[in-house]
Each structure stands twice: as C-alpha cells, then as structure tokens.
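Relying on the hints, combine the two individually framed chains into one complex.
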Amino acid sequence: MELVVFVLAAAMILVGAVGVIVRSNPVHAALSLVLTLFGVAVLFVAQEAHFLAAVQVIVYSGAIVVLFLFVIMLLGVDRTEDITIEPFRIQRPLAAIVGLGVIGLVVASVVASRDVVGRGTGLEIPAVTEDGDSNIRQIARNLFSDHVFAFEFTSVLLTVAVVGAVMLTRKVKSGKGES
Amino acid sequence: MNSLVAAATPTTTWYLVLAAVLFGIGAVGVLVRRNPLVMFMCVELMLNAVNLSFVALAKRLGDIGGQTTVFFVMVVAAAEVVVGLGIIVSIMRRRPGATADDITALKG
Numbered sequence: 005m006e007l008v009v010f011v012l013a014a015a016m017i018l019v020g021a022v023g024v025i026v027r028s029n030p031v032h033a034a035l036s037l038v039l040t041l042f043g044v045a046v047l048f049v050a051q052e053a054h055f056l057a058a059v060q061v062i063v064y065s066g067a068i069v070v071l072f073l074f075v076i077m078l079l080g081v082d083r084t085e086d087i088t089i090e091p092f093r094i095q096r097p098l099a100a101i102v103g104l105g106v107i108g109l110v111v112a113s114v115v116a117s118r119d120v121v122g123r124g125t126g127l128e129i130p131a132v133t134e135d136g137d138s139n140i141r142q143i144a145r146n147l148f149s150d151h152v153f154a155f156e157f158t159s160v161l162l163t164v165a166v167v168g169a170v171m172l173t174r175k176v177k178s179g180k181g182e183s
Numbered sequence: 003m004n005s006l007v008a009a010a011t012p013t014t015t016w017y018l019v020l021a022a023v024l025f026g027i028g029a030v031g032v033l034v035r036r037n038p039l040v041m042f043m044c045v046e047l048m049l050n051a052v053n054l055s056f057v058a059l060a061k062r063l064g065d066i067g068g069q070t071t072v073f074f075v076m077v078v079a080a081a082e083v084v085v086g087l088g089i090i091v092s093i094m095r096r097r098p099g100a101t102a103d104d105i106t107a108l109k110g
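Here the protein sequences come in this chain order: A and B. Our numbering puts the first residue of the first sequence at 5, with every later residue one more than the last. Our numbering puts the first residue of the second sequence at 3, with every later residue one more than the last.
With the rest of the complex left out, here is chain B (with noise of 0.2 Å):
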C-alpha cells in the first residue's frame, strides 16, 4: 500500500501533461468561440498553462530561472489584456454586439 502511494505521487511528467490539456483546451476556445472577451479569456487559459509547465520544470531542474520567466510573462500578459481589452472596448462601441466575424478589416 504504501508502495502504491510512493508509485502515485505526482511527478514532473503529470504537470506537464495537464499543461498541455489546458493549453489544448485553451486553444480549442479560440478557434470555435466568436466573442472576442471570450476568446482572450482562452488565450489567458494558454498563458497559464505554459506558466505551469515552466513552474514544474524549473523545480524539477532546480533552476530559478523558470520562476523568473513565469513573473515576466505575468507582467506582459497584464500589459496584454490592458491594450487588448482597450481595443475591443472601442470596437464595441462603434458597433455594439460585433462578434469576431464582423472584425474582418483593421478599418473600422
């Protein structure tokens, strides 16, 4: 019993392999989702799930430098969503309702 245990605790391989699950689901939502709000929540989905590969790899290599980059991506995925949800604030209001078909021209 207490080999099973030992045999069960999470290793390196189970962190990423969800990682790739949240990222795969991630990446589904941007394809079939068509508002725009949504489809930035999945690609924020994504960023989590690279943080948390670069997380459990940067304990299992003993390197900080992993825990360093997860901070960096934070701060542009911030910066990110300020301009992004900026630009679909102005798009709505010239057009309220507009879903990610009817962006089709930088234009407006």
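Next up, chain A with everything else stripped away, as it sits in the complex (with noise of 0.2 Å):
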C-alpha cells in the first residue's frame, strides 16, 4: 500500500517537474508544478507530516502559484515562447551534464550513507494512531520554544516582504513622483 502510494506521487512529482521545464507556455508550467506540489503534498502525509502537507496545499498550490499564474496573466506573458531557438549553443549539453551530475552525486552519497540513515523504521514521532492533533502539538511545542525568536523574526521578514513588492510595483506617477 505504502509503496503504491510513494510510486503514484513520485510519478506526479516526476512528469510534474520534467512539465515546468519543458511546456513552452508559462500557464502551462505553472499548472504543472501544482501536480508536483500536490505530490509533494501526498509524500507528506505518507511521512505522517500532516500539518505541512495542509500548508504546502494552501501557500504552494493555493497561494504561490496562484500569484505565479496572476503575474503571468497581468504582464500578458502567457503566450507560447519558442524555446526551440538557442542562442548560447553548448549551453543545453552543459545544463544536462551538470544537472546529471548533481544527482548522480547526490545519489551516491545517499545511497552509501545508507547504512547509516538505514531503513524507514526509527519511527519515534508518535503517529494519527495515538492523536490525531500530535504532530500539530509536536511542531507547535518545538516552534514556539526552541525556534520563537526565528519565529518571530519571520513575522519582520513578511512585513519587509510585502512592504518591498509594494514599493517594487508601485508606478510612479509622471510628473511629480520625481521629487
């Protein structure tokens, strides 16, 4: 059952990503990173994250990309773009050697720290089958004692945030905003 789950999202998660990067429309794209996130989304619920499986559905699928395919229809850039024209020739082999690269590197060293990491079975995180509000408790006793300052700093860090994309966008008006 389990490994159902983990092959279905982990094709959505697969076909998702190589869709971002090879649909020449931007909509496109954007729709198919929500099927990525929503895989995502389906593995964290398999690692008995449940509070961030509900966060990433509502900031990334719901919020984020919203804002994505927002942007791309109020700049008017949804229009297919040939992406069969490349203008810097050896950039694409480059691109495929150092993404294969990386994860070849990157599987190879997880696979032999395997060992060590072992098999998914030091499971200490107490599961939906004691309390169904555990894992919220859990992060929400380690956010607020161990991490409440960064907490706190991530309040600043949205006020900056929005302030900063208001003041990007604004439009100056012609005339008298050159004082």
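If you're looking for bench data, these hints aren't it; they were derived computationally from the structure. For clarity, every value in this text was computed on a predicted model and none was experimentally measured.
Not the full set, but computed from the structure, chain B residues with beta-carbon under 7 Å of chain A:
#1 A10
#2 T11
#3 P12
#4 A22
#5 G26
#6 M43
#7 L54
#8 K61
#9 I66
#10 T70
Covered by chain A, per the in silico footprint, the following chain B stretches (three or more residues, Cβ under 8 Å):
#11 44–51
#12 83–92
Using C-beta positions, here's what the derived DEER-type ranges look like:
#13 A:G105 x B:S92: 31 to 37 Å
#14 A:E6 x B:D103: 42 to 48 Å
#15 B:R96 x A:V167: 20 to 26 Å
#16 B:T101 x A:A116: 38 to 44 Å
#17 B:P98 x A:R93: 24 to 30 Å
#18 A:S138 x B:V78: 24 to 30 Å
#19 A:P91 x B:P98: 16 to 22 Å
#20 B:G67 x A:F74: 33 to 39 Å
#21 A:T173 x B:L63: 41 to 47 Å
#22 B:V78 x A:V170: 15 to 21 Å
#23 B:G67 x A:M171: 32 to 38 Å
#24 B:R96 x A:F92: 19 to 25 Å
Beta carbons are placed, not taken as given, at the ideal position from N, Cα and C, and that holds for glycine.
Laid out in structure tokens, this is it:
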C-alpha cells in the first residue's frame, strides 16, 4: 500500500517537474508545478507530516501558484515562447551534464550512507494512531520553545517582503513622483 | 510474496533519491530556461526537493525539528516569491517580453 502511494506520488512529482521545464507556455508550466506540489504533499502525508501537507497545499498550490498565474496573466506573457531557439549552443548539453552530475553525486552519497540512515523503521514521532493532533502539537511545541525568536523574525521578514513588493511594483506618477 | 512486498516498502533512501532527482530537474530548468518566471518556478522545485528530504529525515531520525525547518523554508519561500515577482513585474513593465539574457545589468 505504501509502495503504491509512493510510486504514484513519485510519478506525479516527476511528470510535473519535467512539465515545468519542457512546457513552452508559462501557464502550462505553472499548472505542472501544481501537480508536483500536490505529489510532494501526498508524500508529506505518507511521512506523517500532516500539518506540513496541509500548509503545502494551502501556501504553495494555493497562494504561490496563484500568484505566479496572476503575474503571468497581468504581464501578458501567457503566449507560447519558442524554446527551440538556443542562442548559446553549448548551454543545454552543459546543463544536462550539470544536472546529471548533481543527481549522480547526491544519489551516490545517499546510497553510500544508506547504512547510517538505515531503513525507515526508527519511528519515534507518534502518528495519528495515538492522537490526531499530535503532529501539530509537536510542531507547535518545538516552534514556540526552541525556535521562538526565528518565528518572530519571520513576521518581520513577511512585513518587509510585503512593503518591498508594494514599493517595487508601484507606478511612479509622471511629473510629481520625481521629488 | 509477502516478503517481497515487505522488501519493497519505501525506505528513507527512496525518498532521498526522489528528492535528489527533483532537485536535479529543477537545477536543469534554471539553467536552460530563459523566461524569468519559469526560472522562478524551477527554484520552487528545488526548494520542494529539499523540503521532501527534510521531512523524510525528520521521520527517520524521530526529530520534529526537521518539520519545523520545513515550515520556515515555506515562509521564506513565500516572501521570496513575493519580492521576486515584484522585481519581475517592474522589469517586464519597463521592457515587455524581456528574457533572462536581456537583464544583464542591475540598472535598467
């Protein structure tokens, strides 16, 4: 059962990820990104990270992809671009080499350290079998005790990001904006 | 048959390998695509790959701190997307249809 979930979610993730980089229309790329993000959310549930799965669907698939689509349609770039034109010819073979190299090195190190990481049997996080809210409660306890300063600083970060986005995209009124 | 199914239960290594492949696809996307919006989406793919490995190791090591880190990564990713899309909007307003090759100088 777990195997079926993993295989289906992995297929969703990989198909969506390949779709993001080969689709020439940015809207299609954004919709492929939704597929990948849902697959990751499914794997979060399979790894008993229920709170993060919900946040993944709400924040990533809900807010971030909608923001992408909003910007794509606001800017009017929702037309197919010609991705067969390649002004810098060696770039794609080099990118393929770099990508395969990254994947190969990380997979090799993961497989080499398999005995350290071991099989996924060291489950000390209590699952839903005991209490439906235990995952959220554990995250909250960890977040508001060990990481409370970081949590408060994220509120500053979000405020700065909102003000910065407004300042960046504000239209300067011609004439009197040049004070 | 039962032992075969038990042997094929996904382990942490499977999740880490999947995360590595997803990270590699995102890295290739950042390198080959020229539309700044699609490059941003590929950065999101890489962030998700890292989140996936954090969650897999949090379960394996029995440490909830991994999931807390993923929470912070999501918050920072949201802030980053907001600021990045703001920059892209202001660039695109100035020169419509700009690709990554056209944005070689910080000064517009």
